[in-house]
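Q: So you can see what is in the structure, the chains are spelled out below.
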Amino acid sequence: MRRFEKMPLFARADIIIILLVALLALASVLFAFGGNGSPKYASVKLNGKAKAEYSLDRTGEYELSGENGITLTLVIEKDGVSVRHAECPDKLCEKTGKISGAGQSIICLPAKISISLEGGSEEIDAAVG
Amino acid sequence: MNNSRSYFITRCALLCAVAVVLSMLESMLPAPVFLVPGCRLGLSNLAIIIAIPVIGSGGALSVALVKSMLILITRGVTAGVMSLAGGMLSLCVMILLFRCKRFGFVGASVAGAAVHNTAQLAVAALLMSDIRVFSFLWLYLLLSIVTGALTGTAAGIIIPPLIKVLKINDKTAGRSG
Numbered sequence: 001m002r003r004f005e006k007m008p009l010f011a012r013a014d015i016i017i018i019l020l021v022a023l024l025a026l027a028s029v030l031f032a033f034g035g036n037g038s039p040k041y042a043s044v045k046l047n048g049k050a051k052a053e054y055s056l057d058r059t060g061e062y063e064l065s066g067e068n069g070i071t072l073t074l075v076i077e078k079d080g081v082s083v084r085h086a087e088c089p090d091k092l093c094e095k096t097g098k099i100s101g102a103g104q105s106i107i108c109l110p111a112k113i114s115i116s117l118e119g120g121s122e123e124i125d126a127a128v129g
Numbered sequence: 001m002n003n004s005r006s007y008f009i010t011r012c013a014l015l016c017a018v019a020v021v022l023s024m025l026e027s028m029l030p031a032p033v034f035l036v037p038g039c040r041l042g043l044s045n046l047a048i049i050i051a052i053p054v055i056g057s058g059g060a061l062s063v064a065l066v067k068s069m070l071i072l073i074t075r076g077v078t079a080g081v082m083s084l085a086g087g088m089l090s091l092c093v094m095i096l097l098f099r100c101k102r103f104g105f106v107g108a109s110v111a112g113a114a115v116h117n118t119a120q121l122a123v124a125a126l127l128m129s130d131i132r133v134f135s136f137l138w139l140y141l142l143l144s145i146v147t148g149a150l151t152g153t154a155a156g157i158i159i160p161p162l163i164k165v166l167k168i169n170d171k172t173a174g175r176s177g
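Listed in order, the protein sequences are those of chains G and C.
First residue of the first sequence: 1, per our numbering; consecutive thereafter.
First residue of the second sequence: 1, per our numbering; consecutive thereafter.
Be aware that one or more of the hints could be misleading.
Stated by the list, open to error - Covered stretches of chain C, as calculated for chain G (at least 3 residues, CB under 8 Å):
no.: 1; stretch: 98–106
no.: 2; stretch: 109–122
no.: 3; stretch: 127–135
no.: 4; stretch: 159–165
By construction, these hints were calculated from the structure, which means they are not laboratory data.
Note that the structure is predicted; figures quoted are calculated from it, not measured.
Even for Gly, the Cβ is constructed at its ideal location relative to N, Cα and C.
Please construct the entire structure, taking both the sequences and the accompanying hints into account.
A: What follows is the structure, given as structure tokens:
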């Protein structure tokens with residue numbers, strides 16, 4: 001057990017770890033905001049499967065029903081897409097607010113719905129599973 | 001009389017209790033609005049960091065398992081699986097960094113927190129079959145530097161005197177140490 005008593009609070013090698021994590025954070029910023037072209041349509045996925053696509057040319061409100069009996073309202077406006085009246089307990093998708101760049105998304109985990117803007121210049125097009 | 005064994009079990013139980021209390025305190029904090037549900041900051045990692053030197057890797061594993069089981073029961077399957085994946089992976093990384101002897105408490109703790117958060121997001125991405133969940137990753141990685149530094153500093157302050165006290169305790173109980 002003795003070596004733990006001598007373990008420093010902060011060693012020089014710790015800087016490498018922190019820099020590495022910061023670097024990864026920077027790389028994932030590029031992943032999150034890389035494709036900020038002007039999107040053409042909002043793609044709605046339920047449980048990872050594409051369910052519907054809404055053109056951004058027409059504004060309107062659409063009712064989406066997700067898993068666990070949760071429904072939410074998708075609002076399409078000229079300057080972006082947002083979610084209103086989500087019935088999930090945490091309302092995280094409502095709080096995400098309006099998204100406008102391609103590749104950005106609103107996610108509702110309880111309903112297993114994800115809404116993403118696609119058709120921009122740099123489209124991220126990959127799915128897990 | 002098997003004093004050292006009962007001491008070990010008592011210490012495991014105490015650290016489990018600390019882990020559960022910390023994770024409850026953490027869930028009482030207002031979650032930042034944009035975070036993926038089920039993902040937490042990882043302050044309860046502190047109990048697991050303390051567990052590694054005090055009750056060994058095996059003991060720390062049991063603390064992490066108990067914590068994830070309790071989250072599974074209280075917060076549902078999604079949060080439970082996320083906590084389990086994050087907890088196991090971050091524990092492995094932290095044990096390796098502790099063994100390496102080159103890193104301090106802050107470094108091990110930051111790495112543990114970063115792995116914890118990344119694993120949680122990976123599970124969320126798998127559950128939702130949507131890789132876009134990773135667009136939150138940058139935020140979680142930055143947060144893990146902050147919380148990792150916090151828990152690492154706390155661990156670095158707590159652990160050395162704690163080990164000294166426990167050693168004296170072990171000696172008076174007739175354990176060779």
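Q: Look at each hint and say if it fits the structure.
A: Outcome of the hint check:
1. 98–106: Since 7 is at least three, the answer is holds.
2. 109–122: As far as the stretch 109–122 of chain C goes, the hint holds, because 3 residues have Cβ atoms under 8 Å from chain G.
3. 127–135: Contact hint for the stretch 127–135 of chain C vs chain G: holds, 9 residues under 8 Å.
4. 159–165: Since three or more residues must qualify, the claim that chain G covers the stretch 159–165 of chain C holds, with 4 doing so at under 8 Å.
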